[in-house]
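A.B. asks: Here's the letter readout for the chains.
Number of protein chains: 2
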Amino acid sequence: TTAPNPPLPFKEPLDWVSRTRYCGELTPEDVGKRVRLCGWVARHRVHGGLTFLNLRDHTGIVQVTTLPHEYPDAHSIVNDLRLEYVVAVEGVVRSRPSDSVNKKMKTGFIEVAAEHVQVLNVVRSKLPFLVTTADDAKDSAKEEIRLRYRCLDLRRQEMNYNIYLRHKVVKLIRRYLEDVHGFVEIETPILSRSTPEGARDYLVPSRVQKADDTFSVMVFVLAKRLPGTFYALPQSPQLFKQMLMVSGFDKYYQIARCFRDEDLRADRQPEFTQLDIELAFTPLEDMLKLNEDLIRKVFLEIKGIQLPNPFPRLTYAEAMSRYGSDRPDTRFNLELNDVSDVFVESSFRIFADTLESGGIIKALRVPSGAKSYSNTALKKGDIFNEAIKSGAKGLPFLKVLDNGEVEGIAALASSLDPTKKEQLLTQCSAGPGDLILFAVGHPASVSKTLDRLRVFVAHELGLVDHSKHSILWVTEFPMFEWNDAEQRLEALHHPFTAPNPEDMEDLSSARALAYDMVYNGVEIGGGSLRIYKREVQQKVLEIVGISLEQAEAKFGYLLEALDMGAPPHVDTFSVAGGIAYGLDRLVMLLAGTNSIRDVIAFPKTTTAQCVLTKTPSEVDPQQLKELSIQTK
Amino acid sequence: TTAPNPPLPFKEPLDWVSRTRYCGELTPEDVGKRVRLCGWVARHRVHGGLTFLNLRDHTGIVQVTTLPHEYPDAHSIVNDLRLEYVVAVEGVVRSRPSDSVNKKMKTGFIEVAAEHVQVLNVVRSKLPFLVTTADDAKDSAKEEIRLRYRCLDLRRQEMNYNIYLRHKVVKLIRRYLEDVHGFVEIETPILSRSTPEGARDYLVPSRVQKADDTFSVMVFVLAKRLPGTFYALPQSPQLFKQMLMVSGFDKYYQIARCFRDEDLRADRQPEFTQLDIELAFTPLEDMLKLNEDLIRKVFLEIKGIQLPNPFPRLTYAEAMSRYGSDRPDTRFNLELNDVSDVFVESSFRIFADTLESGGIIKALRVPSGAKSYSNTALKKGDIFNEAIKSGAKGLPFLKVLDNGEVEGIAALASSLDPTKKEQLLTQCSAGPGDLILFAVGHPASVSKTLDRLRVFVAHELGLVDHSKHSILWVTEFPMFEWNDAEQRLEALHHPFTAPNPEDMEDLSSARALAYDMVYNGVEIGGGSLRIYKREVQQKVLEIVGISLEQAEAKFGYLLEALDMGAPPHVDTFSVAGGIAYGLDRLVMLLAGTNSIRDVIAFPKTTTAQCVLTKTPSEVDPQQLKELSIQTK
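Residue numbers (my numbering), protein chains in the order written: chain A, 1 to 632; chain B, 1 to 632.
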């Protein structure tokens with residue numbers, strides 16, 4: 001951090017105190033006008049006795065040139081500038097000579113001839129990367145360096161665009177909800193309480209507090225338990241928004257910070273932002289339509305993309321059957337086929353055994369895939385590895401030859417007599433040149449494998465039509481799914497989701513009144529109607545292994561609220577329910593970037609650290625003492 | 001929680017599925033119209049064979065009446081309703097008979113004649129208080145009960161008004177900043193790092209994370225220190241917003257959640273909401289004007305209050321001298337007078353000794369106060385106790401008699417010869433009937449006592465002109481104040497505040513480029529220009545006892561950023577600086593309530609607990625094990 005150059009002398013205060021324009025907004029219409037700009041030196045070069053300077057502010061870049069004879073002081077200051085110096089420039093806008101017009105640049109037809117220039121601050125460290133060059137070739141700076149020097153990184157045009165895009169999206173959402181539908185934004189607590197939503201909570205130790213006579217009775221009861229107590233950071237405002245419905249706030253929304261202490265994946269953050277919406281007294285169809293209108297408006301106004309009206313819907317059962325996924329990307333077809341009946345009593349033992357033990361066999365036809373994937377690749381290449389990573393034990397496949405015969409896994413091919421072979425090809429709509437991939441076993445694992453292969457193949461073979469936009473609702477999720485590790489049922493959404501009234505006789509296999517919004521294979525929002533009857537709520541909690549006693553202790557207030565006039569009765573087809581969108585992910589998709597970290601100003605890494613501030617960090621032992629906690 | 005009544009049978013789904021209007025918005029113009037309403041039973045009475053029902057939704061209340069002969073089913077259902085049942089009503093709006101018009105009620109000229117009524121949900125618990133009655137007599141339900149049953153409490157008209165008011169204020173602020181000035185809202189982290197801002201941090205233990213090869217180098221270094229590391233919840237986004245200025249985002253704002261683990265006072269919350277603003281390249285006067293315009297707009301549009309333009313300004317020195325406070329309430333005059341020179345070599349030893357040991361003597365004249373306070377009250381009553389609570393050892397006083405003589409503390413009165421007496425009365429502008437209160441000692445303790453007495457007297461004697469609105473800037477705060485407990489200087493605002501360039505020779509006594517906005521004696525916002533030079537920043541940190549080494553460890557990233565082009569140079573009179581408003585407090589003042597808890601949907605008590613969710617709470621020992629922490 002020693003100065004590579006001696007700092008420039010600071011000049012006297014400017015005789016003007018205010019900039020008049022922004023760099024990126026100057027156009028040929030401004031030619032002849034005097035402007036005052038502030039910004040950073042984005043490029044600096046000396047060329048034929050003239051010095052050119054690119055000046056950058058948050059709106060963009062403009063070229064500044066000097067007039068050595070008329071304004072020698074300005075020329076001399078500009079000559080001595082370095083990249084990323086902070087400067088103020090006063091001058092006149094003029095057309096560029098035709099040979100230096102840059103049509104790629106928004107301000108490429110004009111330049112500012114500098115008459116007065118003042119250095120506002122210098123750079124005294126060696127820059128870890130060059131802001132403007134890093135823009136041209138994003139990969140020139142590794143992400144860890146970009147995050148470490150986030151101030152420079154955020155000056156890059158791409159990051160600047162992303163942050164403004166995020167703001168634009170949020171602004172649009174707020175105004176739509178407020179102005180068109182009369183929603184009220186209500187803040188809910190961050191220092192909150194653990195709720196049973198699946199992921200691990202972040203905890204905040206409470207200092208021991210003395211009882212306060214203002215709340216004598218209440219506090220006395222609580223105070224006895226205070227040592228060793230914790231707040232939890234909310235995984236979502238779920239219970240609070242349900243309480244708001246009971247409180248009479250019909251149309252609530254919040255741009256809410258949420259927290260999950262998970263082992264992170266590439267596109268997850270320990271803290272993330274959720275667009276949280278809840279309504280009462282609104283018919284379900286109206287609520288879905290409102291959400292469709294909202295998302296259509298966002299895509300149209302932000303990206304000029306016209307999404308369908310209405311959004312297509314798939315039931316969970318249909319999505320799993322056709323795509324092996326509850327968030328299918330329908331920009332490409334590649335549907336799955338259940339071919340179990342072809343292999344009943346097959347001589348190919350793995351298949352026959354699977355069927356006998358209650359499993360299924362499904363096939364994915366890859367059009368013209370026979371030539372795209374060599375037998376070697378299918379037996380030990382990337383595609384084979386994809387199958388293995390999904391949990392499959394192997395990748396059975398067949399190729400359809402030009403003469404209509406099949407080859408591939410020899411024992412599989414030979415197990416098919418001509419009738420069975422015809423049946424298989426018909427069921428898969430497969431013909432000469434096609435490749436058929438199989439997965440066998442329990443429906444869940446078969447789906448997992450073929451979903452993964454389907455997406456892999458589509459991207460690898462360029463079957464994704466990028467001009468298309470796949471958006472749909474997935475509905476009728478099951479209430480519960482089996483958690484094999486814990487050997488119990490758990491809520492597929494969360495245990496406050498209402499069951500379908502038609503399925504009340506056997507709740508454990510009931511469909512939920514839940515819906516996810518899926519864009520290009522990514523879940524961008526998910527919601528449900530809520531349970532409004534105490535006895536149903538208790539039963540659902542029981543199924544996921546939460547006893548009445550535990551429920552009373554953890555969220556007795558919700559159970560109580562259900563008995564004090566919770567709106568409304570689902571049988572009327574009106575809804576007390578809502579939805580939550582992953583805002584970071586939605587903005588990421590709109591920005592066209594692959595990393596959620598590129599749409600968050602100060603994100604954490606995949607190991608939940610902030611490399612800028614070196615967080616988490618050790619703390620003063622005195623702080624831990626005050627909290628009555630020890631680290632092991 | 002057992003049912004006081006058997007639940008009513010649920011009817012078939014309504015043949016309409018959507019409400020058409022809100023209760024509170026119906027007017028005589030709607031007479032004759034068919035409406036569909038949903039809401040809660042706010043009042044229910046049987047009167048002369050007719051049943052009247054008040055129906056409440058978030059917009060207000062409307063009276064519903066029945067037509068027993070024409071619509072016997074609706075009549076019968078309404079008859080069986082109970083308070084706070086959730087119902088849907090379809091009927092026709094009609095004028096009330098003139099003898100039942102209620103001019104106090106917004107909808108008091110009309111009623112809805114119910115043709116179809118459906119119960120959407122019932123109440124099965126005994127209600128801890130009655131929503132509508134609690135509205136009429138707020139004190140009928142103690143705050144602990146209101147917080148415990150917050151769902152009911154939030155149905156009260158007053159709370160409903162406050163929550164909507166809060167939303168309206170936030171909406172107005174956002175739009176002003178975005179539309180008039182082009183501000184961008186940027187979210188900063190909640191899982192953050194401890195910064196030296198005075199108050200105690202809430203800590204969040206980090207689970208030990210494995211190194212991830214995506215960030216191999218960086219993480220390897222950090223990973224070694226990870227066990228026993230913590231995030232801190234931010235006390236403000238201060239450093240992040242300074243980083244955003246260095247990143248080129250000129251005009252940033254955020255409605256930001258902040259956290260302080262303090263021993264709470266009545267109007268503090270452990271988590272609170274801050275309107276956070278930062279600008280670069282803007283002249284200081286423009287920034288102050290922008291903030292004045294914002295607050296003027298809020299008061300005008302929300303409350304119809306016209307605040308002055310421009311806001312008056314007081315320097316810190318002047319505020320302390322005239323009012324003994326850096327947040328004076330100027331709705332009443334009652335100014336302080338330094339009368340030290342009257343008592344030089346006085347025979348009244350306490351006063352003379354004080355002066356000899358470097359203290360001062362100040363006086364507060366209470367106009368016509370001689371009759372308002374008996375000598376007994378002044379020697380041991382409430383006003384005396386106020387003085388004692390402020391830290392004073394006693395309350396010296398004099399009363400000016402009709403004949404111009406003084407009496408009170410005898411030794412004090414007798415110590416004044418006629419010249420000195422005249423001098424005193426002249427300096428205090430005191431005349432017959434006035435009371436003069438004294439405080440002696442170090443300037444800080446004198447200010448503390450007289451500030452407290454000034455406010456006490458003004459309220460007790462009705463000297464506060466409630467039609468007035470006192471708003472002003474306090475400027476030129478000192479950079480540092482003495483922390484007697486820790487025997488060191490500490491930053492009066494925070495250690496990133498820029499010193500006045502005129503005072504650079506002795507930083508420890510320098511004035512800061514800081515400003516607070518004060519409304520009716522309450523600080524509603526505070527801000528400063530920021531240090532932009534690394535060497536100044538290091539020097540300030542040194543003065544408050546943070547070594548270079550500690551600074552590098554705790555916020556080296558800020559020091560680094562200052563060397564990479566931090567905007568801009570204060571000598572240009574442009575500003576990189578900002579302000580933060582306590583949003584909860586601002587809304588509380590606008591709502592005209594005395595408790596910050598009345599403008600927060602789910603607040604904590606003064607002991608930092610949520611009595612609704614029983615937070616903080618004990619957690620599963622397994623969670624602590626995963627975090628590698630133990631409670632003692």
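No wet-lab data here; the hints were simulated from the structure.
Each hint should be verified, as a subset may be incorrect.
When chains are identical, the list treats them as one kind, so a pair holds in a single copy or across two.
[Stated by the list, open to error] Pairs of lysine to aspartate or glutamate residues, derived as EDC-like cross-links and limited to a Cα-Cα distance of at most 20 Å, are as follows:
id, residue 1, residue 2
1, 126, 263
2, 168, 178
3, 389, 115
4, 142, 326
5, 554, 618
6, 421, 262
7, 171, 481
A.B. asks: Now tell me if each hint is right for this structure.
C.D. replies: Going through the hints against the structure:
1. In the homo-oligomer, the alpha carbons of residue 126 and residue 263 never lie at most 20 Å apart, since the shortest distance is 36 Å inside one protomer and 45 Å across protomers.
2. With identical chains, the CA atoms of residue 168 and residue 178 are at most 20 Å apart both within one copy (15 Å) and between copies (10 Å).
3. Taking CA atoms no more than 20 Å apart as the test, residue 389 paired with residue 115 passes in neither setting, with 64 Å inside one copy and 63 Å between copies.
4. Taking CA atoms no more than 20 Å apart as the test, residue 142 paired with residue 326 passes in neither setting, with 34 Å inside one copy and 49 Å between copies.
5. For the homomeric pair residue 554 and residue 618, the shortest alpha-carbon distance between copies (10 Å) is at most 20 Å, but the shortest distance inside one copy (31 Å) is not.
6. In this assembly of identical chains, residue 421 and residue 262 lie within 20 Å of each other by CA distance neither inside one copy nor across copies; the values are 47 Å within and 76 Å between.
7. Proximity of residue 171 and residue 481 under a CA criterion of 20 Å is satisfied in neither setting, with 37 Å inside one chain copy and 41 Å between copies.
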